[in-house]
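Q: As you go down the protein sequences, you meet chains A and B in turn. Take 20 as the starting number for the first sequence in this note's numbering and just add one per residue. Take 4 as the starting number for the second sequence in this note's numbering and just add one per residue.
In short, the hints are calculated from the structure, not lab data.
Incomplete in silico selection of chain A near chain B, CB under 10 Å:
{"id": "1", "residue": "111"}
{"id": "2", "residue": "136"}
{"id": "3", "residue": "158"}
{"id": "4", "residue": "164"}
Take a look, some chain B residues computed to stay more than 10 Å from chain A by CB distance:
{"id": "5", "residue": "8"}
{"id": "6", "residue": "10"}
{"id": "7", "residue": "15"}
{"id": "8", "residue": "38"}
{"id": "9", "residue": "48"}
For glycine and all other residues, C-beta sits at the position ideal for the given N, C-alpha and C.
Spelled out, the chains give:
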Amino acid sequence: MVLSIAQLPFRRRAPLEMLRLDGDRDAPDDDYTGFGHSRVEALTLAGRDGSVVVRDALVLALHCTDPCEALADDIELEFVLDEVAPELSVSVMLSTFLDVWLPRLRGDERAIVLALCNPHGATLPRPAGVDPATPLYYATGDVESWFHHGVRLAAESWHIAR
Amino acid sequence: MSDLSPKTFRFALENGVGTITLDRPQRLNSLTFESYLELGAFFPALERHPEVRSLVITGEGTGEMQTTGYGAYASYHSPMLSIMSGMMLGSMLSSAFHPGYVPVYTSRPYVTHPTRVSQIRTARPSRPSASVFSRPSGSGRSFPARGGFRGGARFGVRRGDRPAPVRLTA
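Let's have the full structure, built from the sequences with the hints guiding it.
A: Laid out in structure tokens, this is it:
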């Protein structure tokens with residue numbers, strides 16, 4: 020049983036598998052609930068106004084809850100833990116989750132990317148312990164993974180946590 | 004008129020209609036570096052020419068018809084494909100050699116009328132549009148994998164019949 024945030028089975032995974040890009044789908048899987056972290060050599064963050072290629076990034080695959088409470092500077096995450104117990108899921112505030120998990124995951128990556136829907140457009144502050152030299156990218160709106168000449172995360176827009 | 008006497012292709016002007024004829028039938032009228040450069044210089048000259056009002060681009064010999072099948076596909080013929088390919092060739096050449104070119108059938112750069120966007124999206128589901136990254140998930144966004152796009156996942160839980168999550172605070 021998961022009793023704390025630190026006990027979440029937030030594991031390192033292969034990038035394509037973590038982002039559900041290991042199949043041959045025409046459209047993103049709306050029912051995907053997988054989560055984890057991965058080091059990605061290069062990925063494109065595509066938004067309405069253009070895209071940016073991020074290299075050597077720590078990518079965190081996360082999910083917001085549904086419905087997701089509208090908060091100005093935080094997002095409520097949901098972890099579906101079917102592997103622990105059927106239909107068990109827990110929710111955690113993103114800020115709290117990052118406080119617990121980022122120090123464990125950090126290496127010498129050049130950027131951090133949150134693959135996470137942000138339906139209410141929360142403006143995220145830079146987490147404690149993340150220096151300005153390592154940008155943390157987050158999106159507004161829905162985030163979907165695609166594969167098109169490499170890994171691509173599509174959203175309304177992408178921002179760097181300040 | 005000397006600037007309208009190309010060396011690597013033919014040009015004729017009659018009643019305001021200019022005709023560029025790519026003349027390498029042995030190579031199916033494929034462009035060479037020389038013809039590419041000359042075309043690049045030729046288009047602006049056409050624009051300045053007072054008599055040229057429209058332009059036809061064609062090719063000599065069988066190469067003109069290569070879009071209807073060549074080699075192992077020689078028996079294949081599709082009028083619609085030929086028409087489409089002709090339009091694409093003209094559009095490609097216009098864009099390549101004269102980026103500021105405005106098609107004759109419109110007074111401004113061609114854009115799909117907003118009322119037709121949904122029809123086109125329906126008719127050409129494999130065409131990634133500019134709105135691909137702006138629409139919310141679950142809106143039917145779909146690209147066949149053979150088009151180069153492969154779908155992955157959306158990063159939000161769909162509640163559905165799932166019970167509400169248990170909140171962890173620490």
